[in-house]
Structure formats: C-alpha cells, structure tokens
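Colleague: Just need the whole structure built from these sequences, with the hints factored in.
Spelled out, the chains give:
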Amino acid sequence: MSEVRVAGTGMTDFGRFPERTGRDLFAEAGLAALDDAGVDPGDVEHVFFGNFMGELAEHQGHMGPLMAEAVGVNAPATRYEAACASSGVAVREAVRSVRTGESDVLLVGGTERMTNMGTAGATEGLSIAADDLYEIRAGMTFPGAYALMARAYFEEFGGDSTDLAHVAVKNHEHALPNEHAQFRSAITVDQVLDAPRIADPLGLYDSCPITDGASAVVLVSEAFAERNGLDASVAVTGSGQGGDKLALQDREYFARTPASTAAAEEAYADAGITADDVEVAEVHDCFTIAEVLAIESLGLYDPGEGLGAARRGETTRHGDVPVNLSGGLKAKGHPVGATGVAQLASITNLLTGTHARSPDVGDLRVGVAHNAGGTVASATVHVLEVVA
Amino acid sequence: MSGDERDGEAGGSERVRDAGFDDLLDAIEAGEGHYLRCSNDHGSLPPRRVCPHCGDRDLTERPLPDSGTVSTYTVVAVPTPQFADDAPYVTAVVDFGTVRLTGVVDADPEAVETGMTVGVTVGTSETTGDRLVRFVPR
Ligand SMILES: [Zn+2]
Numbered sequence: 001m002s003e004v005r006v007a008g009t010g011m012t013d014f015g016r017f018p019e020r021t022g023r024d025l026f027a028e029a030g031l032a033a034l035d036d037a038g039v040d041p042g043d044v045e046h047v048f049f050g051n052f053m054g055e056l057a058e059h060q061g062h063m064g065p066l067m068a069e070a071v072g073v074n075a076p077a078t079r080y081e082a083a084c085a086s087s088g089v090a091v092r093e094a095v096r097s098v099r100t101g102e103s104d105v106l107l108v109g110g111t112e113r114m115t116n117m118g119t120a121g122a123t124e125g126l127s128i129a130a131d132d133l134y135e136i137r138a139g140m141t142f143p144g145a146y147a148l149m150a151r152a153y154f155e156e157f158g159g160d161s162t163d164l165a166h167v168a169v170k171n172h173e174h175a176l177p178n179e180h181a182q183f184r185s186a187i188t189v190d191q192v193l194d195a196p197r198i199a200d201p202l203g204l205y206d207s208c209p210i211t212d213g214a215s216a217v218v219l220v221s222e223a224f225a226e227r228n229g230l231d232a233s234v235a236v237t238g239s240g241q242g243g244d245k246l247a248l249q250d251r252e253y254f255a256r257t258p259a260s261t262a263a264a265e266e267a268y269a270d271a272g273i274t275a276d277d278v279e280v281a282e283v284h285d286c287f288t289i290a291e292v293l294a295i296e297s298l299g300l301y302d303p304g305e306g307l308g309a310a311r312r313g314e315t316t317r318h319g320d321v322p323v324n325l326s327g328g329l330k331a332k333g334h335p336v337g338a339t340g341v342a343q344l345a346s347i348t349n350l351l352t353g354t355h356a357r358s359p360d361v362g363d364l365r366v367g368v369a370h371n372a373g374g375t376v377a378s379a380t381v382h383v384l385e386v387v388a
Numbered sequence: 001m002s003g004d005e006r007d008g009e010a011g012g013s014e015r016v017r018d019a020g021f022d023d024l025l026d027a028i029e030a031g032e033g034h035y036l037r038c039s040n041d042h043g044s045l046p047p048r049r050v051c052p053h054c055g056d057r058d059l060t061e062r063p064l065p066d067s068g069t070v071s072t073y074t075v076v077a078v079p080t081p082q083f084a085d086d087a088p089y090v091t092a093v094v095d096f097g098t099v100r101l102t103g104v105v106d107a108d109p110e111a112v113e114t115g116m117t118v119g120v121t122v123g124t125s126e127t128t129g130d131r132l133v134r135f136v137p138r
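Protein chains in written order, with full-length UniProt numbering: chain V, 1 to 388; chain Y, 1 to 138.
If you are wondering where the hints come from, they were derived from the structure by calculation, not from laboratory data. Take these hints with a grain of salt, some might be off.
[Claimed, not checked] Sample of chain V residues lacking proximity to chain Y, with all beta carbon distances greater than 10 Å (derived):
(1) E69
(2) G101
(3) E124
(4) A147
(5) T188
(6) L193
(7) D277
(8) G299
(9) A356
[As the list claims (entries may be wrong)] Facing chain V, a subset of chain Y residues (Cβ under 7 Å, in silico):
(10) V50
(11) P52
(12) P81
(13) V93
(14) T102
(15) V133
Keep in mind that this is a model prediction, so the values were computed, not measured. Backbone N, C-alpha and C fix where the C-beta goes; we use that ideal spot for every residue, glycine too.
Modeller: Here you go:
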C-alpha cells in the first residue's frame, strides 16, 4: 500500500466575497497548493473536488472539469457532494486512489460561494442537507437542527448555553493570528449569551458565519515525493467515514453523532493509533454544540463530558489537546464545500510548524481532521502524522 | 423564463404530489394518520420499501397514536424564505412510540417544553400556504 503524503496546501481568505466566482476562488487555492508543493499542474492525474450547492448558489453544476481547467490541469476531475463534508469525502477518495497505487499526484479541494445568496437564500440552501419531506417542510433550518440536538444534549447530560459560549470564545481567540480567518476579533461569554437567538438555544455567536472561500491540498505517493525531492513530511495515515439516517427523527440519538464515532474508530484503526495519541484536532464546529459532539465522537471525551472542555481550558491553545487552533468553522468561516480540505491543510501546517498558532503549541506529531455533513448523517475523519 | 411561467398559472406555487408523503398528510387530516411497521416492530414513515432500521421489506400500515410527546424542540428565529412570515415558530420532534415526526407546534414558544403531550394535525405555512405537520398541545 502506498503511503499518502501531503505535498502542499493552499487556501483563499475566508469571508464575504459575493462578487467572486467559485472558479476564481478555487483557482487561487489550487494554484497556491500546487506552488507550495512544487508540483506542475501537468503532473496532476485527477482532481477530487468538494462542493455542496453550486447549482443553487451560482447556477453551476458539473464543477469537476471546470475546476481542473481553472488550475491548468488537463485530467479527469470529479465533484463530491456530502453537504458540509463534501471535501472530506473527496480527501478520502483521493487517499484511497493513492494507496491502491492507482495515482501518484492528486489535487484535492473544495469551494463554496454563499454570501451572494443573502442570509435567507443561504439558510434555504443549507437546509436542503436535511430531509425535504420530513424536515425542511416542517420549518427545519440548519441552525434549527443543531438547536434540536443542543436541547437534547442539555436534557440528557445537563449543562447550558454558558458552557457552549466558551466554545465560541475559544475559537474566536484561536483565530486572531489566522490571516485567512473571516473573524479576527475576540469575543466574551456575555457577548455570546446576549447575541440575538437564531434558533433557541443557539444564538448568532453559537453559529458559524456564511462564508465564501476555497481550499486545496496536493496529495502524492511517498514514491513520487522521494523521486522528485518534494518536502512532504506529513502523511495521511488514517481515513474513516461514517453514516447515519438523514433525518434527525429517524436517529437513535439526538445528542450523539455515531457517524463521527464510526469514522474516528475506522481512521484510528487504519493509522494504528488511539484517541490518546491525538495531540491536536480540527473539528466540525458549525455550531458550538457541534464541537462538543465532535470531540466526544473522536473519543477525546466521554459522552456528556465534552461540553465543559472549553470552559475548563482543556481544548484551548494552552490545553492538553487544542481543538480548532485555526478558529474553527466558527471564526475561520465555513465555505461548506471547502471546509474539509481546509481542516486537512490546517493540521498539516500545524505538524510542519508553519501554522499561525505553531509558536503556541510547539512540535506536534499526530493530528486529526473531522468533517461532518448535515446533522452528521455523513462524517469523515483523517489522521495526519509526521513521518519524515 | 419568467417567475410566472415557472410557477404555472393554475397551481400557483402548488407542489406536485409526493406519493406516500401526501397520502400521509391526507390521512392525518382525516384523523387517520398511519406509519409503517416492519415484522421486527420498527416504525418508520412513508414512502419506504425497506425498514431503515433492519432492512426488512415486510412493511404494513399501522395507526399513528393519537398523541405523542415532545422529544426536543427549537424556536426558529431565522427561517428559510418559505417560512419568512411564520417566524418565530417552534419546530419540534415528537415521539409517537416506535416512530417520530417533525413538525411545527401551534403554541406560544414560551409554552413549549420537552415532554409535553401534543396531538398531530395538518396545517399550512403562513408564508406559502403549503401543508405541513402541525402539533397541537393537549
Ligand atoms: Zn425493522
């Protein structure tokens, strides 16, 4: 089995760029990743691309070939869609392709254009990650669905909005030096609690923003990296994916995310590690409650214990396992289809010591990226390790 | 293509029927709501050919209990455009035993709580007039 190396990373600034097309965003991120890797576009054998709602946002389907063209790659290209986990599943397919020996050089990335839709339009667009018949027609929104999960969590395990507020405060603080982040402003617990409610018990500051942006990584085989003298010291050593029923009402749990648990267990077994080996994590915190559910599913905390982690300081940059050092979806921003690969890029940069928060955390050897789709009916987990 | 053409003259924004789902709404409206039960006693909602819990294909219609209890709920303040005039409203998941339904609770947001008993009916969105599952406190 070929070892998969991350040869380069690239991303645009995340934020409000309503006038920028998806193709322009991906061109910037993809070319940055290729340049960072020192790989010629002509060497790329396939583009694996994640996007959720190009049809709704910019009247654009069939985005794979378009994005390959945008970065000067003349090779097959495929779009993957798994709601907010779109580029996480693209990474997984790329990893499998390198491992089987089928490919040596792949460009993997994602893009989402969202702010041009306005708040109502984006709320509608995001809602279609839920069940149309049984959820959307009942007034379900993306924040609404996570609010249902948050209330169920409080009912089952205790805790309250103040605990959640600490997650938002932490992630905003983490984003301060991240030049690509949408929000680079510190917030307080009181600000989070006093903010307008979006879907009670979640307020404006419990929610990720609506974001435009793109991300990309170049994945290569170990053999290709050595043959071409690439600087690629980080490997993707574990990959996992889990699934669950689409509609919340059909799930066994409202306050747990078994799809993420399955993805994590598979990725850890694949890498030959346990949760105890994880030193840093980028997790899918589209809402504050989502980070709590994620760190529990990753095995970093038992069910019911993750809620207090940020408040206790354990997941801050000073804690044992810092979570979302880039600011997370919450402060870094969440251009849906770009998020999974942006997480992979962030972990890679943390392991190579080139991340804006590297001075805070020193040398790290093992990190995980957790990407979730919808209310976690899809989830991917990837383990990255320093191997050279 | 203009918006008028897209919507169609006769039906306005009326949807094409979704078999199974609209049958269920009709049945609930008539006070004869149903769900599907597999031979292993798992519940699910139509349209389905397979039990989502065990894969059994032997599904039979059973009467939906007359009332259920609120499992979890939220007060949606920022809605999709289809619910613009409805907001704020309460979306809840209600437990009817072996099956759960998501719908809008016809009650003041302050009055809704987990565990409360509600009946099920069919109402309409204030914004679009589209039919939807509504829960009425008992
Ligand atoms: Zn069954």
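Colleague: Decide, hint by hint, whether the structure agrees.
Modeller: Here is what the structure says about each hint:
Every CB of chain Y lies more than 10 Å from the CB of E69 of chain V, the least distance being 28 Å, so the non-interface label holds. For G101 of chain V, the shortest C-beta to C-beta distance to chain Y comes to about 35 Å, beyond the 10 Å cut-off, and the non-interface label holds. Look at E124 of chain V: its CB is around 4 Å from the nearest CB on chain Y, not clear of 10 Å, so calling it non-interface is violated. Not every CB of chain Y is more than 10 Å from the CB of A147 of chain V (nearest about 4 Å), against its label as outside the interface.
At the 10 Å boundary, the C-beta of T188 of chain V stays outside the reach of chain Y, the nearest C-beta of that chain being 22 Å off. The non-interface label for L193 of chain V is consistent with chain Y: the shortest C-beta to C-beta separation is roughly 15 Å, beyond 10 Å. With 10 Å as the threshold on Cβ separation, the claim that D277 of chain V sits away from chain Y holds: the shortest Cβ distance comes to roughly 34 Å. No Cβ of chain Y approaches the Cβ of G299 of chain V within 10 Å, the least distance being about 25 Å, so the stated non-interface status holds.
The claim that A356 of chain V is not at the interface with chain Y holds, since no C-beta of that chain comes within 10 Å of its own (minimum 31 Å). With its C-beta approaching chain V no nearer than about 12 Å, V50 of chain Y sits outside the 7 Å limit, and its interface hint is violated. Contact between P52 of chain Y and chain V, as hinted, is supported at the beta carbon level, the nearest pair being about 6 Å apart and thus within 7 Å. This hint holds: P81 of chain Y has a C-beta 5 Å from the nearest C-beta of chain V, less than the 7 Å allowed.
With a cut of 7 Å, the hint placing V93 of chain Y at the interface with chain V holds, because the nearest CB-to-CB distance is about 5 Å. Satisfaction of the interface hint for T102 of chain Y is found here, the shortest Cβ-Cβ separation to chain V being roughly 4 Å, below the 7 Å cut-off. Using the Cβ-Cβ criterion of 7 Å, the hint placing V133 of chain Y at the interface with chain V is satisfied: the shortest such distance is roughly 6 Å.
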